[in-house]
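Colleague: Sequence:
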Amino acid sequence: MTTLSAARLRPRDVVRVGAVGLRTRPTRALLSALGIAIGIAAMIAVVGISASSRADLDRSLAALGTNLLTVTPGKSIFGEDASLPLAAESMIERIGPVRSTSAVGVVDGASVYRTDRIPQAQTNGLSTYAARLDLLSTVSASLRSGVWLNEATAEYPAVVLGDAAARRLGIGHAGPDVAIVVGGEQFVVVGILSPVALAENLDNAAIMGWPVASRLFGFDGHATTVYTRSEDSQVEAVRAVLGPTANPEAPNEVDVSRPSDALTAQRAAGAAFTGLLLGLGAVALLVGGVGVANTMVISVLERRGEIGLRRSLGATRGQIRTQFLAESLLLSALGGVGGVLLGIIVTTGYAYYQGWPTTVPVWATAGGLAATVLIGGIAGLYPAIRAARLSPTEALATP
16 MTTLSAARLR
26 PRDVVRVGAV
36 GLRTRPTRAL
46 LSALGIAIGI
56 AAMIAVVGIS
66 ASSRADLDRS
76 LAALGTNLLT
86 VTPGKSIFGE
96 DASLPLAAES
106 MIERIGPVRS
116 TSAVGVVDGA
126 SVYRTDRIPQ
136 AQTNGLSTYA
146 ARLDLLSTVS
156 ASLRSGVWLN
166 EATAEYPAVV
176 LGDAAARRLG
186 IGHAGPDVAI
196 VVGGEQFVVV
206 GILSPVALAE
216 NLDNAAIMGW
226 PVASRLFGFD
236 GHATTVYTRS
246 EDSQVEAVRA
256 VLGPTANPEA
266 PNEVDVSRPS
276 DALTAQRAAG
286 AAFTGLLLGL
296 GAVALLVGGV
306 GVANTMVISV
316 LERRGEIGLR
326 RSLGATRGQI
336 RTQFLAESLL
346 LSALGGVGGV
356 LLGIIVTTGY
366 AYYQGWPTTV
376 PVWATAGGLA
386 ATVLIGGIAG
396 LYPAIRAARL
406 SPTEALATP
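If you count the sequence shown from 1, you need to add 15 to reach this note's numbering.
Be a bit skeptical, because a hint or two may be false.
[What the hints assert, rightly or not] Beta-carbon label-pair distances, calculated as ranges:
1) GLN249 - GLY333: 51 to 61 Å
2) THR363 - SER115: 26 to 36 Å
3) PRO134 - VAL256: 45 to 55 Å
Keep in mind the hints are simulated off the structure, nothing from the lab. In this text, a Cβ means the ideal position worked out from N, Cα and C, and glycines have one as well.
Generate coordinates for the entire structure from the input sequences, incorporating the hints supplied.
Modeller: So this is what it looks like as structure tokens:
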């Protein structure tokens, strides 16, 4: 006597059988998948919009100088004004995490006037600085008119005015025909700065090249402010060594600015965003799992006749269980893919409207899909087991 055994389902057969319920009830499958997709889209959109908002915040905070530190001379032990060594800049540049360094120095005795007919008392409170050529990039400054100093103009009587200085002098644009008087010498205004958020002292200053300041006004070459930019993660470490590095013989005579409050805000925002994303993502996945479970339980109740017929034709409990579990996974995957695409579209549209950089973390899309399938599998496990436990007679007798 020959014993017949149930045919084994290959992976391709499992997918085909699992898709039967989706094909025979397309409207319900579509609505169920849509419910899952909305939940996943909500998670992806929240993650993407939050990440895009954070990227915009990071960009704004970076513009505010989260990694900018300044070094200035302090007081000596006798209470006198100290000065930075001539080698301070080059020494600071050797600090590993420091990415860029620049400096300005006060030019004493070089008052700024619109013309030589202005009374000497009317200086408008303007300062005169000698500046390094890389100052503009280090302090994130920009020009609203003209050009910045270069190796050629730094040697000659050429000056760049701060925004407030230009306004006080009544100068609206820079050019070869625009001149002012600095320390009794005529200087051509080659550029005008926009307001500098990171170095407000430059707004009220006339800025010239280091060489011409030394040649015309006897500038001693000592920097009065050294600007440094460091790696964000190393700002505190750099600050700790800036004083001893700038003036090894008297580090107590060096004042170093503290890290920007923007850096603290950046880190606090990062922690807040992380907590928000985890919480909302968990809620969205829970909602999607409940939707899958509800759909599959109803599907089992409505398809008892089909289950009984399949069992009568020789399908094992394992195959019935595999069929409904595969259907649950396919339904979850369909909703997950649709949700990810919808979430990316929503994120892109909202970020474009707000003028933010579009950022959708890879972990969010991959994690969303994986979690959806996992939750769908767990949600479909009970209906699959319930369907497998139905006997053929019980299932066929159900109206």
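Colleague: With reference to the structure, classify each hint as holding or not holding.
Modeller: Now the hints, each set against the structure:
1. Look at GLN249 against GLY333: about 59 Å separates their beta carbons, and that is inside 51 to 61 Å.
2. Separated by about 34 Å at the C-beta atoms, THR363 and SER115 satisfy the suggested range of 26 to 36 Å.
3. One distance hint, 45 to 55 Å for the beta-carbon pair PRO134 and VAL256, holds here, with the actual separation near 48 Å.
Going down the numbered hints, you'll see the structure goes against none, and every one checks out.
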